[in-house]
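K.L.:
Going down the list, the protein sequences come from chains L and U. For the first sequence, my numbering begins at 1 and goes up steadily by one. For the second sequence, my numbering begins at 1 and goes up steadily by one.
Since the hints were made in silico from the structure, they are not lab data. We put the beta carbon where it would ideally sit given N, CA and C, even for glycine. Keep in mind that a hint or two might mislead.
As the list claims (entries may be wrong) - The calculated label-pair distances, taken between Cβ atoms and stated as ranges, are:
{"no.": "1", "chain 1": "U", "residue 1": "ALA228", "chain 2": "L", "residue 2": "ALA33", "range": "35 to 41 Å"}
{"no.": "2", "chain 1": "L", "residue 1": "GLU245", "chain 2": "U", "residue 2": "GLY248", "range": "37 to 43 Å"}
{"no.": "3", "chain 1": "L", "residue 1": "ALA145", "chain 2": "U", "residue 2": "ALA87", "range": "42 to 48 Å"}
Said to hold, decoys possible - Stretch-level coverage of chain U by chain L, calculated; a stretch enters the list once three of its residues show a Cβ under 8 Å from a Cβ in chain L:
{"no.": "4", "segment": "27-33"}
{"no.": "5", "segment": "89-95"}
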Amino acid sequence: MATTYDIAIQQDAPEQGGLVPFVAVENVYKSFAEHRVLNGVTLRVNQGETLAVLGRSGTGKSVLLRLIIGLNTPDSGSIHIHGQDITGLALDRMGAIRKKMGFLFQHAALYDSLTVGGNVAFPLEHHRRDLSGPERSDRVRQLLAEVGMEGDIGKMPSDISGGMQKRVGLARALALEPEILLLDEPTAGLDPISSGEIDELILKLQRERQMASIVVTHDLHSARTIAGRLALLNEGNVVIEGTFEDLQQSDISFVREFLKQS
Amino acid sequence: MSDRGLTPAAGHTAPLAVRRTGLEFAVASSGARLFNGFFEWFGSLGIFSWGVLRAAVTPPYEWRELIRQLDEVGSKSFPLVAMAGAAIGVVISLEARYSLTRFGAKSMFPATLVYSVVQVMGPVITGLVVSGRVGAGMGAELASMKVTEQIDAIEASAINPYRLLAAPRILACILMLPLLTLATDACALLTGWFAQSLVEPLSFHQFITSGFNGATFNAFLPQTFKTAVYGFIIGLIACFEGMRTRGGAAGVGRAATNSVVLASLFLILADVVLVKFILVFFP
């Protein structure tokens with residue numbers, strides 16, 4: 001079991017073997033108007049590792065992901081991607097960093113004027129201009145096949161279910177072969193079978209691609225399935241970080257309460 | 001003069017004073033909020049404009065999106081501006097004939113119609129019609145994309161949303177407004193002549209020759225091309241309001257309304273400045 005203090009001590013130590021973590025969030029604070037959402041969060045994720053960020057609704061889990069991909073900027077603290085501080089980077093320079101990241105939005109955020117295939121092709125059309133039309137189409141089919149959606153390539157997002165939209169969102173997030181994958185509530189609002197399928201899909205992709213992944217969820221079962229490490233947020237701070245067993249053995253009342261209610 | 005209501009009655013000094021102070025405070029704080037909101041809006045618009053300008057002049061250029069927007073703003077607005085122009089032509093024809101006949105200047109009818117349409121009514125009517133159709137459409141479309149996180153998804157895909165969404169829309173408005181104005185003018189002159197010839201036969205050739213007699217490019221070109229500024233205003237306001245929307249369906253509605261109202265208002269205000277500018281530089 002590790003407390004916040006222990007984690008802070010461990011994370012202040014030099015990286016093991018001199019490896020730079022793929023994602024390093026250092027003492028990040030973020031407020032919206034008078035409401036403080038993140039209160040000094042520190043987290044690190046290495047290659048091939050999956051961290052699940054758990055917590056109650058409104059504790060800043062999604063905000064944390066938005067900060068990592070640069071959709072919001074922290075009030076203080078720093079965020080390093082591959083050792084590069086991205087805090088305050090200009091939009092164009094941030095673009096180069098974002099190409100290394102894939103983001104699955106909570107509600108998939110598919111472009112409603114494009115087909116399923118068009119959504120997956122979108123990042124390729126803008127960043128892989130070296131690909132010919134047929135090559136791009138093949139790549140789109142391959143990505144959709146990976147998420148089990150190859151038969152729906154011509155459908156509009158409004159014609160497919162929420163679970164299928166998340167699969168397409170995942171295929172789009174993987175289009176540029178990211179090294180870092182950020183997943184915002186990948187199983188929220190899905191039935192248990194669809195949730196299980198999404199979890200299996202994420203596990204399969206992680207095994208094949210060895211990405212650094214951060215999964216934000218309040219689904220403890222899903223977090224336990226797909227992540228090797230869990231971090232529990234409360235009131236904008238990491239209460240505990242470790243394996244599921246570490247959380248089970250914790251004496252912290254919030255952790256015990258969270259596990260009991262989940 | 002009695003100052004009843006302002007002078008506190010005996011025995012009630014403290015509560016009234018408190019009430020007045022409270023009212024003054026409320027008025028002052030609302031005023032300050034309004035003042036701050038006003039400057040905040042313009043500040044945000046300035047930052048947005050700078051972002052769009054930078055995105056518009058640096059590669060890669062979104063040619064395909066620009067062509068799509070040219071069609072959206074130009075071709076699809078054409079029937080509307082043509083109809084508005086046709087109606088304006090008939091109205092000006094009826095009004096002008098009546099007034100000119102009263103003052104014994106009926107021979108001035110073609111020139112009056114041409115100058116009224118090309119210099120005044122055509123540009124403004126085109127601007128207002130496009131502001132209503134395109135401004136509301138763009139504002140609502142972008143706002144809907146914003147509240148469903150589609151704009152965030154574009155940004156997360158390392159694509160500059162200013163470059164992909166705002167710049168082509170604004171540029172399309174700038175390029176299309178002068179062309180649509182020409183269409184409005186043409187329709188208005190055609191129906192104006194037609195309405196006149198129903199009452200008093202006049203050949204179209206004679207009408208045009210007489211209407212444009214002695215006219216110089218300075219009299220018409222600046223008036224037509226000033227609508228590029230209207231296009232800039234319509235596109236900029238619609239994109240700005242759409243892309244900064246918050247608050248679900250209500251936010252989308254608000255963005256569409258604000259786009260139309262503010263674009264129309266700024267368009268008319270800009271016209272005041274542009275008319276003066278044209279009078280000074282293109283006498």
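K.L.:
Please go over all the hints and tell whether each is borne out by the structure.
P.N.:
Here is what the structure says about each hint:
1. In this structure, ALA228 of chain U and ALA33 of chain L meet the distance hint of 35 to 41 Å, their C-beta atoms being roughly 39 Å apart.
2. With their beta carbons about 41 Å apart, GLU245 of chain L and GLY248 of chain U fall inside the hinted range of 37 to 43 Å.
3. Checking the proposed 42 to 48 Å range against ALA145 of chain L and ALA87 of chain U shows it is violated: the Cβ atoms sit about 56 Å from each other.
4. Remark: the segment 27-33 of chain U is not confirmed as covered by chain L, as 0 of its residues place a Cβ nearer than 8 Å to a Cβ of that chain, below the required three.
5. Counting residues of the segment 89-95 of chain U whose CB lies closer than 8 Å to any CB of chain L gives 0, which falls below the minimum of 3, so the coverage claim is violated.
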